[in-house]
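> Residues per chain are reported as follows:
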Amino acid sequence: MTNAAQSIKPHRATMGIWYEFATRHRASIVAVVILIFPLVMPFTALAVNILIYGLYALGFNLVFGYLGLLSFGHAALFGTGAYLCGIAIVHLGWPWYAAIAAGIAGGLLMALLIGVLAIRTRGIYFAMVTMALSQCVYYLFYQAVDLTGGENGLRGINVRTIDLFGLRIDFINPMIRYYVIAAFVIAAFFVMSRILASPFGAVIEAVRENEMRARASGYDVTLTRLLTFILSGGFCGLAGALQALHLSIVPIEILHYETSGLVVMIALLGGMGTFFGPMIGAAVFLVLENIVSVWTVHWQLIVGAIFIACVLFFPAGIWGTLIARGRR
Amino acid sequence: MTAVAGQTKEIILRTRGVGKTFGKFVALNNISAEFSRGAITSIIGPNGAGKSTYFNLLCGAFPPTRGSVEFEGRDVTGLPQHRFAHMGIAKSFQITSVFPQLTTRENIRVGLQALVSRYDIWRPRARLTELVERADELLALVGLWDSRERAAKTLAHGEQRALEIGMALASQPRLLLLDEPTAGMSPEETRTMMDLIVKLAKERTVILVEHKMKLVLGISDRILVLHHGELLAEGTPQEVRQNEAVKRVYLGQREH
Numbered sequence: 001m002t003n004a005a006q007s008i009k010p011h012r013a014t015m016g017i018w019y020e021f022a023t024r025h026r027a028s029i030v031a032v033v034i035l036i037f038p039l040v041m042p043f044t045a046l047a048v049n050i051l052i053y054g055l056y057a058l059g060f061n062l063v064f065g066y067l068g069l070l071s072f073g074h075a076a077l078f079g080t081g082a083y084l085c086g087i088a089i090v091h092l093g094w095p096w097y098a099a100i101a102a103g104i105a106g107g108l109l110m111a112l113l114i115g116v117l118a119i120r121t122r123g124i125y126f127a128m129v130t131m132a133l134s135q136c137v138y139y140l141f142y143q144a145v146d147l148t149g150g151e152n153g154l155r156g157i158n159v160r161t162i163d164l165f166g167l168r169i170d171f172i173n174p175m176i177r178y179y180v181i182a183a184f185v186i187a188a189f190f191v192m193s194r195i196l197a198s199p200f201g202a203v204i205e206a207v208r209e210n211e212m213r214a215r216a217s218g219y220d221v222t223l224t225r226l227l228t229f230i231l232s233g234g235f236c237g238l239a240g241a242l243q244a245l246h247l248s249i250v251p252i253e254i255l256h257y258e259t260s261g262l263v264v265m266i267a268l269l270g271g272m273g274t275f276f277g278p279m280i281g282a283a284v285f286l287v288l289e290n291i292v293s294v295w296t297v298h299w300q301l302i303v304g305a306i307f308i309a310c311v312l313f314f315p316a317g318i319w320g321t322l323i324a325r326g327r328r
Numbered sequence: 001m002t003a004v005a006g007q008t009k010e011i012i013l014r015t016r017g018v019g020k021t022f023g024k025f026v027a028l029n030n031i032s033a034e035f036s037r038g039a040i041t042s043i044i045g046p047n048g049a050g051k052s053t054y055f056n057l058l059c060g061a062f063p064p065t066r067g068s069v070e071f072e073g074r075d076v077t078g079l080p081q082h083r084f085a086h087m088g089i090a091k092s093f094q095i096t097s098v099f100p101q102l103t104t105r106e107n108i109r110v111g112l113q114a115l116v117s118r119y120d121i122w123r124p125r126a127r128l129t130e131l132v133e134r135a136d137e138l139l140a141l142v143g144l145w146d147s148r149e150r151a152a153k154t155l156a157h158g159e160q161r162a163l164e165i166g167m168a169l170a171s172q173p174r175l176l177l178l179d180e181p182t183a184g185m186s187p188e189e190t191r192t193m194m195d196l197i198v199k200l201a202k203e204r205t206v207i208l209v210e211h212k213m214k215l216v217l218g219i220s221d222r223i224l225v226l227h228h229g230e231l232l233a234e235g236t237p238q239e240v241r242q243n244e245a246v247k248r249v250y251l252g253q254r255e256h
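For the record, the sequence lines run as chains A and B. Reminder that position 204 of the first sequence reads as 204 in full-length UniProt numbering, one-by-one numbering, no gaps. Reminder that position 25 of the second sequence reads as 25 in full-length UniProt numbering, one-by-one numbering, no gaps.
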């Protein structure tokens, strides 16, 4: 993973060429796949959903897979992004781009708040503290009815057209909406690839690998964890903001702990600590849910069983297993 | 400053009356000592003497309950450990501590990076080429050049210990603290390690914690003997070897 191009050099002969290609051009590959994606999906809104949940999982995976902390409160980051974007449009009448910025800022800020309180705990305690804090956030937004619509959700986020450099884009058209959202997701993937390849990306992994050693080497472990959590909040906040624009409503369920659990499942399914894993996990999970729920109301039973089978037989996740095969 | 035989010895590290208690247990009691720059000083003592506790106070792993630690004339008591690395103090761990899934080279490269870039999230780290070059030099120095692309967890025990030394050197320390660097090593690996330590000590100050006194008698300039959390004796290897108290509690053990 780290310095992939360097560390795989001696095995070049035995290694699949596609693997090296994929590692080198991971951002560009995502761009191409995202472009043709809605054409192969049963309907465009599903493709949009996959993009948004993939982005949410991408942000989550920075903390879960790369930093090595299991957060069970990421719904608060995703949800705050969605609500702040919605509030900016409904109550403040901000333009769409400012509302998205508000969503990102909301995710960053909420991550700072939760992070400051939770980051000194480890393992199961970190999961519990983040979950408890995200429940606090849930009730906060639930109670603030005037601002958030309470249990009815925040309605009326109507963005019909998007003005871009004098161009009026029809945001109601599903395909156009998909590509607008895809542009943000591609940008986010690019930023994530920069972060992972940066010096700080190496520090994140060092802290995951050995906290004591990282400290002795001169890294401030607590600050590194907090900054990573905040960065993760930015990605999740963006995902939330796009979700608000996509749905035209922010349901209160977005802050529910099920939303936190969902992203854990998506990341595990796709492959924790892998670059493409979150997006692939989101695609597999949501497509499965879509197919099975047409067929039976007990779709969760079947999707759950498939999830358990995946964790048992592919503990590295779908993408993680493929990568391991490719390296061999 | 103390003048010894007409020359002023420069003190790099000094502890004044440091003590450490864990709950009611007194691990270390009132230790005052000075460490000269450029020397190899060994801290020895039987099991439970407080060697590791003292070591951890010196490297900032935890603060002392009492007393103060001074590095290059500056009070560093209670500073967070990552700051110690920035000041020029590096440590190796008693129990091998590396980044297991990273390559040997990346282990050292990350160690080097701590002085250059800790929070840059944008520039590609591949562009910090001088770090890779420095890492390669250190790999050669500690004898791990051939293992540079292997994951650290796949290295043999002795190689992991050498890697740790390399990582400690990465922060370009003026003071190198080694906690039982030969623990669990074969006699052959031990000899290699001792040679390496002597080599390293030519350019920097080394403080060594060691359980086996015999190992350090030959290479140390000065020896501190701890016993039951107290400083029992201090002096040159010759003086320590002839010290009656030391003989009783330490060397004498073998005769019974």
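Take these hints with a grain of salt, some might be off.
A few chain A residues that don't get close to chain B, going by computed Cβ distances all over 10 Å [claimed, not checked]:
| no. | residue |
| --- | --- |
| 1 | PHE37 |
| 2 | LEU39 |
| 3 | LEU117 |
| 4 | LEU133 |
| 5 | ASP146 |
| 6 | GLY166 |
| 7 | MET175 |
| 8 | ALA182 |
| 9 | ILE195 |
| 10 | SER198 |
| 11 | GLU209 |
| 12 | MET212 |
| 13 | GLY218 |
| 14 | LEU227 |
Computed spacing ranges between beta-carbons, pair by pair [as the list claims (entries may be wrong)]:
| no. | chain 1 | residue 1 | chain 2 | residue 2 | range |
| --- | --- | --- | --- | --- | --- |
| 15 | B | GLN172 | A | ILE306 | 47 to 55 Å |
| 16 | B | GLY48 | A | HIS25 | 52 to 60 Å |
| 17 | B | ARG123 | A | LEU301 | 46 to 54 Å |
These aren't lab readings, by the way, just hints derived from the structure by calculation. Computed from a predicted structure; not experimentally measured. The C-beta atom is built at its ideal place from N, Cα and C for all residues, glycine as well.
> When the structure is checked against the list of hints, which entries are broken? Sort them ascending.
Numbers 9, 10, 11, 12, 13 and 14 - these are the hints that the structure violates, sorted from lowest upward.
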